[in-house]
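K.L.:
Residue numbers (the working numbering), protein chains in the order written: chain A, 1 to 679; chain B, 1001 to 1064.
For the record, the hints were derived by calculation from the structure and aren't laboratory data. One or more hints might be untrue.
Claimed, not checked - Here chain B is said to cover these stretches of chain A; the calculated rule only asks that three of the stretch's residues, wherever they fall, bring their Cβ under 8 Å from a Cβ of chain B:
1) 68-77
2) 88-98
3) 203-211
4) 268-276
5) 329-338
6) 475-481
Here a beta-carbon is modelled for each residue, glycine too, at the ideal position from N, C-alpha and C.
For reference, the chains in residue letters:
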Amino acid sequence: MRKLLWGCVALIGAFAIGGVALHRGETINAMWIVVAAVCVYALGYRFYSAWIAARVLAVDDTRATPAIRLNNGRDFVPTHRWIVFGHHFAAIAGPGPLIGPTLAAQFGFLPGTIWILVGAVLGGCVQDMTILFLSTRRNGRSLGQMARDELGPIGGYAAIIGTLVIMLILIAVLGLVVVNAMKHSPWATATVFATIPIAILIGLYLRNIRPGRVLEASLIGITLLLLAVVGGGALNEHETLRTWFDLDGKPLAWFVIAYGFIAAVLPVWLLLAPRDYLSTFLKLGTIFLLAIAVVLMRPEIKMPAVTQFIDGTGPIFGGSLFPFVFITVACGAISGFHALVASGTTPKLIGTESDVRLIGYGSMMLESSVAIMAMIAATLLDPGVFFAINSSPGIVGATADAAVNTISSWGFPVSVEQMDGLAQAMGETTLFARTGGAPSLAVGMASIFSSAFGASLLAIWYHFAIMFEAVFILTTLDAGTRVGRFMLQDALGHVWKPLGQTSWYPSVLIASALIVAGWGYFLYIGVVDPNGGINILWPLFGISNQLLAGIALCVATGVIIKQGKLRYAWVTAAPLAWIAIITTAATWEKVVSSDPRVGFLAAAEQLAAKLAAGTLPVEQAAVAPQLIFNQRLDALLAMLLTGILWVVIADTVRVSWRVSRGLPVLPSSEAPAAAAHAQ
Amino acid sequence: MKLRALRDLPRALWRFVRALSRDDAYFEYLRHHAAAHAGTPPLSAREFYLREQERKWSGVSRCC
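Bound-form chain B, shown alone (with noise of 0.2 Å):
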């Protein structure tokens, strides 16, 4: 058991710096897209990236 918790240490960081640096912020776009909205079809993934800048700088997003 533990052993197996070791094993599947580095997968685990490696999804934590993923999530943390939203390198998956287009993958849990699709996810989400394909339980909330099947049947349409989702943005590419340049798309996605786009709009999601657009959003995320037309806030306060960085402090001093």
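Here chain A stands alone, though its shape is the one from the complex (with noise of 0.2 Å):
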């Protein structure tokens, strides 16, 4: 019975899977994608995860988890599955599986929907579980100490660099996005400026009026920042309050800046904290609406299966299909990010070691799932209305009229009428080259939900969309930058005892400062790249992103080979050799190629050449400087990161190869057996 059940799962699976690959008509419906996805899902927990767990890692429940030996009461807890399943999902889950499939539907819809679900099934969710059970073994060590105590001190250090590095790359192209969708539009600033004192309100009630009392705080920040959507929507009907908000790139920037700085140095219960919670609320509560109005709206995918720019030539990044379309995706099929977070708070709740299904293979699960809503509200725009959203300036033309040509002319028709009816139900001035992916998403978003539950609050939902994404931004934003810190003053402590003194607070202010000029500097110059900046940093995020995934699979793999168990090995080694291609790939595309779209070089050069010639417009030869050096430092950076993923790997290969002659390694950091219900 169950076996029929399965294989009828399989078939309509398959069917699915068929129909959405081989479609070739106009369009094609959402449900289609839906249930392919969720059949592929279904299979690979039901069989791919539980083989994994019972032979590969061979989890034992009789075995005593750190939250039961080490039970304190705080961060080692034993707690439900489903609990710790829901926490887990909230920390994985960010804008990165939003925006990445919002960018790689250029391609159209089908190559990014096949990554995110092979690479999740495959890829993501085995990484994630393999830490998260490698963790829970180590008493809830970090990736870092992982890498260090199993395969030694270079796979230590790799990871920690790799974090510092993917950490501003992160933070930068965040802020990019943020900047983006509030330029020019003074709902969305007003909107976005709003939420702080909210989040500030909110920390003082939880500090101060009812300590801890989390639920009751978020239902109150939630209603205020409703109420700030709606507000920031009659501020922008008014004719001199609306000019304060609508400010240019660069001012944004340095607010970002400024903001990311203040937000790093504060007390966390102050705004960090506050802000975690409003935004866990918000996530949770629209992936779960998201999901109910893409049912019930059932809407058609307009966006063609495979557009012409799989060939490179694509507006929003410039990279041919392979490799770019892995890099692009990123967190929705693969994310390295997650095993810091499967490495550190959530080992230390798990309850039984067969949770790690649960938590590790199914959360990512649900992660890929928000990357398929994501491709799918990008893919049921009109692809011309797509195209003019995230097409920035200097590659389709600075005007409106230039843009609908542009973008008409390769074959997805477009008008400024049909631009301005949309932005004028926006409640907003224009959206051409709103570039970033969050105003594209954000217009399908409101699409689904005005569909699906009223059409009158088009603009609304547009501007809680915007928020929505800003709001958990911003956290991502702040939580990184005090991690960065962290790192830091854990690195010049070597150098100066007292630097490495996290609460010493002259260390807080030069350790902060530095990690925010770090990102800072890039965030700045993507604002002032007439290309967009979206092109360069959402490349060098998904190489960075991959090569804390490669850094995390070696671990992995070395473990299972140190365990005698090489015939094994292929599980984690298959995802690795495809990320070390994948990454090597686009570093070399991304180095080496003399298109100036796709090349660091290539673009620094022909830079130069114009300026040197005098043939760029005066503000764009001020910043042709900055922008030529900003290139090269690009340039470098990827082949840092390539270069520190084959170091890991190198060192795997010498780890395996020792155990294979039966020459001494490291011995396992596992935490010595102890009997479940002996506590």
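Once you've looked at the hints, go ahead and assemble the two chains, each given alone in its own frame, into the complex.
P.N.:
Rendered as structure tokens:
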């Protein structure tokens, strides 16, 4: 009976995937994608994750987890698996799976969708579950510590450098997304600004009025945030008030930089913690609503399955389908960042070892389905509209007429009237060149929400979606700056002891300023770049995120081999090999490609030649030296990242070779077994 | 028997939501403290909340 049921799931899944892949009509219903995804996840979870848990990891429920052995009522607490699932999902789900697929939609809906499904089931979910398990067996040690303990100091240092670099790039690119969403949009800007005093108010409530009463405080906060969205609309109608919030990219970048610094040095309870509560509630609520709305509305996908931009001429970012679709989708398929969360807080809450399947593999499946929804929201727009929103003026032309002509000439008809009508419906002055993914996602979400829950509220839904994205992007920005600060303080402590004290104020200020300067630099350059910055920063982020995934998979592979399970090593070694191929290919392209839209060095040379010839307009000539320097720096950075990955791979091969020869390697850092029932 | 499960459902759901949001963190701490460290005074609600926030935000707890 059960076999029959799973046979049916497999059959329906195969039918849906076939339908999605072979469909060549005008449009295709999103339900095909939803059904295909659900079947793939169900099969992956039921069979692959169960097999990995039983055979490769050999989870053992008679063995006491650290939550049981070290229960202290605080961080080590055995917790019900669905509650840990909720915490873990809330921790790994960020703006990445929403933005990545939106950008990757320039290749059509098919390539991104396939990679989201395959990458998650065979790569991302496996990585998350394995690292979660390894950390649970090691009392919740971090990825960096595990790399050092199991592979050696090289792996450890690589993990630390990788984490720091990814943090800087990630924050810069997310900051750029927020800046682009707020640029010349008084409604969005006012709403995002209002989230700061609201968070502080909630912080004061949670500390002074009713300490720790998270639910009621969040309810008050969410109500205020919704009022802020409506209030932003009222402000937008006001002649003078709206001009105060009608800001250019540069001042907004400075605002984000100043905000990041202040948030990093303030006590966490005042701004960071309450903002996180609000963003978590919003995030879970919105994802839930979006899933319901997609199923209720069953939208038609208007984007072709595959566009001509697979050749590398795409307007959103340059680069061909291989390897760039794999770099761009990032978090929805495999994200190294998850390995940091899976080796920190979560393992300390796990009550029985077999829970790692639901929590590690299952949470990543859910994250992947968020990416699928983002892909649906991006591709249900008219392709012409999608490209008009997401293409920067440097590519399609600075005026509305030029942009619609260019985009229509690609075979994606769009008109100025259509774009103006859409902008008006969304309560914006223009939607041309709103790059970064957030505005087009917000338009997609607003159209899903409004047709499912009330069409009159299109503008409100749009700004709700922008606020929703901004709130948790700013949370990532605060939290990332803080983590970066701790890591830097730790490193600086080796140079001069007092700098290593995390609570010594001068050290806090210096380390925070350095971290903020690091990402602030990339953010600022991204804002002044006439090609829109995303084109440069998102691939760098993708490469660094995959680098971290590569390190995590190296640790996992090394441990599996050290345990004498060489025959199962492919479970993590195969995704590792794929990660190594795509990051290396992407880095190669980004460094040596002669297409200035792809290669950093080619772009630097082209710009330098234009500058020397004096053909640049005055304002572009002024920033050209910075851009040239930045492109060269980016090339170096990409090479550094890929170099680190290969060093760690070589180290893993060295350890594996020694194991196969019976030579001594570092001993397993697993905590000794203790019986679960004895406690 | 079934009726009883149905009647208890809202309560179970509420407990789940509180645990998911960590609204019950202090309550759980007090329970643990009473069991493990009876005799020593527990932290106040505010002290506990502030210490928990410091701990939570000194590592990677949010992702991209």
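K.L.:
Are the hints correct? Go through all of them and say.
P.N.:
For each hint, the structure was consulted:
| no. | hint | verdict |
| --- | --- | --- |
| 1 | 68-77 | holds (count 6) |
| 2 | 88-98 | holds (count 6) |
| 3 | 203-211 | holds (count 4) |
| 4 | 268-276 | holds (count 5) |
| 5 | 329-338 | holds (count 5) |
| 6 | 475-481 | holds (count 4) |
Comparing the model with each numbered hint stated earlier shows that all of them hold.
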